[in-house]
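Just so you know, the sequences run in chain order A and B.
The first sequence begins at 1 in our numbering and counts up one residue at a time.
The second sequence begins at 1 in our numbering and counts up one residue at a time.
In short, the hints are calculated from the structure, not lab data.
Treat the hints with caution; some may be incorrect.
Copies of the same chain look alike in the list, so a pair counts if it fits in one copy or across any two.
Stated by the list, open to error - Pairs of lysine to aspartate or glutamate, DMTMM-like flavour, derived with a Cα cap of 20 angstroms:
{"hint": "1", "residue 1": "K335", "residue 2": "E656"}
{"hint": "2", "residue 1": "K577", "residue 2": "D607"}
{"hint": "3", "residue 1": "K447", "residue 2": "E459"}
{"hint": "4", "residue 1": "K577", "residue 2": "D606"}
{"hint": "5", "residue 1": "K605", "residue 2": "E692"}
{"hint": "6", "residue 1": "K605", "residue 2": "E546"}
{"hint": "7", "residue 1": "K605", "residue 2": "D639"}
Number of protein chains: 2
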Amino acid sequence: MSIHIKAATIKVSNPKELKAAVADAKPGDTILLQNKEWKDVLLKVSGKGTAQKPILIMPENKNEVIITGQSALNIGGEYLIIKGFHFKNGYSPKDDIITFRINNDNLANNCRVTECVIEEFSQPDRFHSDSWVVFWGKNNRLDHTTLVNKLNAGPTIIAELNDERSQENFHSIDHNYFKGRQRFGSNGGETIRIGVSRYSLTTSKTQIVHNYFERCNGEVEIVSIKSGQNNVSFNTFVECEGGLVMRHGSKNVVEGNLFLGNNKPFTGGVRLINPGHHIFNNVFKDLQGTAFRSALSVLNGVPNSLINRYYQVKDATINNNTFINCASVLFGAGKDAERTLSPQNVVFANNLFIGGSDKIYQDDNKDGGVIFKDNGILNNKANNLPQGLSPAKVSEIKKGEFSFPYNKSIGADIKKLSFVTKEETGASWYKPQTIKPKRANKSFEIKSTESENIKATLEKMIAGDTLLIADEGYLRINESLVIDKPINIMAKAGLKTKPIFVNTSFKTLNAFIIIKNGGELNLKGLAFKGAFESFGDTKAGIASTEEPMNKHYKVNIDHCEFYDYNEGSYSGFKGSKSTLADSLIITNSLFRNISGTGVNLGEEKDDKGIYAAEYTVIENCVFSNVLGSAINIYRGGNDESTLGPFVTIDHCTFNEVENREQGTVVKLIGAQHASLTNSIFSYCGQGGRSIEFREYRWDEIKVDYCN
Amino acid sequence: MSIHIKAATIKVSNPKELKAAVADAKPGDTILLQNKEWKDVLLKVSGKGTAQKPILIMPENKNEVIITGQSALNIGGEYLIIKGFHFKNGYSPKDDIITFRINNDNLANNCRVTECVIEEFSQPDRFHSDSWVVFWGKNNRLDHTTLVNKLNAGPTIIAELNDERSQENFHSIDHNYFKGRQRFGSNGGETIRIGVSRYSLTTSKTQIVHNYFERCNGEVEIVSIKSGQNNVSFNTFVECEGGLVMRHGSKNVVEGNLFLGNNKPFTGGVRLINPGHHIFNNVFKDLQGTAFRSALSVLNGVPNSLINRYYQVKDATINNNTFINCASVLFGAGKDAERTLSPQNVVFANNLFIGGSDKIYQDDNKDGGVIFKDNGILNNKANNLPQGLSPAKVSEIKKGEFSFPYNKSIGADIKKLSFVTKEETGASWYKPQTIKPKRANKSFEIKSTESENIKATLEKMIAGDTLLIADEGYLRINESLVIDKPINIMAKAGLKTKPIFVNTSFKTLNAFIIIKNGGELNLKGLAFKGAFESFGDTKAGIASTEEPMNKHYKVNIDHCEFYDYNEGSYSGFKGSKSTLADSLIITNSLFRNISGTGVNLGEEKDDKGIYAAEYTVIENCVFSNVLGSAINIYRGGNDESTLGPFVTIDHCTFNEVENREQGTVVKLIGAQHASLTNSIFSYCGQGGRSIEFREYRWDEIKVDYCN
Ligand SMILES: [Ca+2]
Ligand SMILES: [Ca+2]
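Go ahead and model the full structure; you've got the sequences and the hints to work with.
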């Protein structure tokens, strides 16, 4: 005898009703969220469905519920399906958006989040760390979800393994579309992290399959596996500046993934640490990354390693992968005075190479720890081929838009493989919004006698507009000008001297112009004088804000002049702590009479690899009578997650700069790519150095044609 | 015909009444503040008295009005006398306690603050800068006031010179008692500053006379003159670790001051920069300071100096001073690659020396810029006496408790001089309070099974009490223990193993024990384990608070053990940013399995000369398997205001510590006095260095008997 109860459909309109409805729901019931904007809501859903009859929680109509403001979703109980939630225009009030637990006593099991969208739902402060989806419990699933460009610190997705209730979890992360993640400029920009070093010796068994990763450039780890026996397979990685990394934990499987670099710089593949991994049937194509971002890198370990450092690679098999036109395949990566333990009993066999670097693959230890055999290469008859590599013939097999080389015994088994496409992933209903500008761009002209109108004019300008300064007079301002959109400010053509910004309030201003979140600035033909009559000081010509930011700003300064900054903490340009310039380009400009620093990108002092500008270019500039450094770039510590800072200094003149004891004229501490050329140092650095790098052996540094 | 109006006496009981009463007062009126505690009051007094009939504002009864909480006093108008105000148990809500202006349109002139007391009225955050008395306008006076131990940043007294209304001001700062100022551990610990570099080329004409400075040890500048034509005369400086400094501005007069060092280390005298000063009739006695703290130092200047750097000394006269048993008299102080301009046309004549260093006086330039003539020395017939010095005879003249040498043509004119005594200065009515302890000290015994009672027990303990841990078990704590008074925590004698502190909450704790303002800790025989079962991490064994502090703490750790700290930011001991340990002494202890730093005194990263501990002593300790540095001490930049850090490391063993690229096992960045002896380094610093100093040429560094 069976009793058939008809499933109910319950509509709810606020978090309290939702919570009660889910708690009371019978297996098979559906809870509908009322069509509207759900703002500042902490949604807690905990209920009990069954495998056959889960409880379904979803919007009344697709695309007509959006969750905004400071909002989050906690899931408890079992067999719940959350479908079609759309988070945008806000950020988490705590440290996660979707969490598979209500609290430590109520973890979710067998729950599913599907067809959801999370769009830039990022903390306003880029160093306020959180995650978008946090797994606890077992057998939970995130699928067919679109995750767009997380801006702040913290992995987009985490699985936690603190105790047995969340270990051997068989979670599935599948068919998701990871749509971009901007360079974060620090460790903490991972897209997925499974486990954490402290619990990395436990088994996770999480499945990361059939996902599409597009330009996930947060840091060197796109996927960071920190636990054992996970499966990361059949995913597609497109133009990702980083790799799939077995960071901690053993016996992980990496099968049938497609890595497409499109020859973009820094695009990476797979990186291995710890014992027992199996890597096979993957295709690596047009990857330009080297070192830790190699198509394949197998690291050296650390003797007697602490849990969060580098265990030795042992007993791994890397077979039947195809490498097409990749810049680096590297064994013994990271070898240095500390990482001295070479990989041991690593079999590298039946892999196929097409094109690539001259070396094809490279072993920095050469102690037999890696067993190279039966690998093949197309059309390369050089007689210095590395050990275990012979010429091979291939046919071509078409797969979707690509055609791949195929050989039945070496390389990936293209015949059987089916690579996931963008269209198969993410929330099918979701169409990104496009925003049209309100009007065409225009110029606003201001005379020096109208200085008091600058602020109001800036406010009515839209992205791309230009503020033209019409005459040579003093621009008398009483508060800092704020730039929070792309704006041009320039002197009108033909002026005899540069218009001069001065502070005519009795307050000290942080800067004449402050860049806030969303701001970009083009500046041309202007002067910024830090001390004027008996008025308050101005601490910097241009500065990024002291307030939190999560977007990277751009500043372009041409033909400008910065002078009379009278205190040691003052500077011509200052990038504030925790802000990141995508690019700072200064050309044809003069910095003089500055008691602090000319260009200060050294406010971040922590030795965590954080820095203030990704690309800094300073050309044809003069620094004269500067008490501190002319240029100060700082990235401290030995973090290996990031690419920047990139620094180019060319055709500059340094005159009477930083002669104090132990002083440095141009500080390029931790710059990973630096070039300082064609420059003149005159009566500079008498008590210390002209240039200081403190670089690592892998950094790319050039100094040339300087006196 | 004259109209005689009887002066009124008005009693007021709140700030509003006070303001109205002063505004309405007639010359000669008296305003009485009601006897009571005036808490959280912003007192604004602006009125118009006359030279003959000032308006008097004072308490109803002496010593029965106290001003507490967040309170301040602004003075405007003219001929007001503020008498007998007593500030204690609070701090300024803004950046000053007593200011001689209401706002920029109403500066005080001819006003007087007398017989007042300001007791430790300091911002709770030591780096929140303010001042106790700020002069604006002209002809204002602070006299017979007692100023007790300012704890936070900022000069105790400032005179501002922003425009003509405050220049040539003839302010008088006289007969005040500066009763102690603790070492501040950074620039910004001046007792008096007159002017500021930006306006230092203007004339101030401030009189600082007949004051008594007792142990004003804030920083290298006790009095910092940054303007022209001031007069600093007839003051007494007792055991001050710093000097009277002509920092900026010209033509200042320093006459008839008495400097008594009592042979305490670092006690200083007068330091000269800029042209035109006259220094005469001063007595320097038993001063042990050298370099910038010499009894007399005349600095080298900087070519083309910016306004806030070092102008050349020229056209100065230093005559008829007496130096008794002083360690250093130095011409060309600070000479280095930047400070290259020697003093010129400086006459050093008719000065008298009794005892002192072997060199008597020293000229580091020897280019004739200083003209030495007619100086005399008692009982020294060495035939290598420096130029301009001959043996001299003296008689003894008794002055108060001292007897001084006298010669009618050389040395100070003791016959005419009368040195100010403590009793002649400060508020005559003021008697400092003494506080008696509530009871005799005692011990509280706790078993490991009673861990949950530790917090409550600590709360009922008084300064000096002891918490005894009675057995070897785990001390299970769920939140950090807070120490805000002097407390001992120790294992009971005779235990077989150390009791172990562990975190059994699911939260991450900042530390097992956190030192807050007022805290001192003696720790003995205990272990602190950072990771335990699946519970939350603990980031440090012992740490100072992240909250603001203004008192220096002391920690003594003996026979303790710190282990299992699993993240790079974790450490055994951590001094938090902006806190200063007076002393940290660690003996016979073990630091092992730490992914961060063993002893972390490097959280302060700014290059402003700020550091985390004045005295660090680490003896007989073992650091084993530490991923970061074993010991990290940081004082960045080239500030010359402070004495610390003093570091002693002896008989330590470093095993498998910081082998990463560019890593350093023991970082002693900027330590001014360091000794590392009798220690063993085993498999340490493979990628970098064992020890890093980055020291200046004047620092005192010793490394000896290490492998
Ligand atoms: Ca990472
Ligand atoms: Ca100072």
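Enumerated hints in conflict with the structure, sorted upward | none
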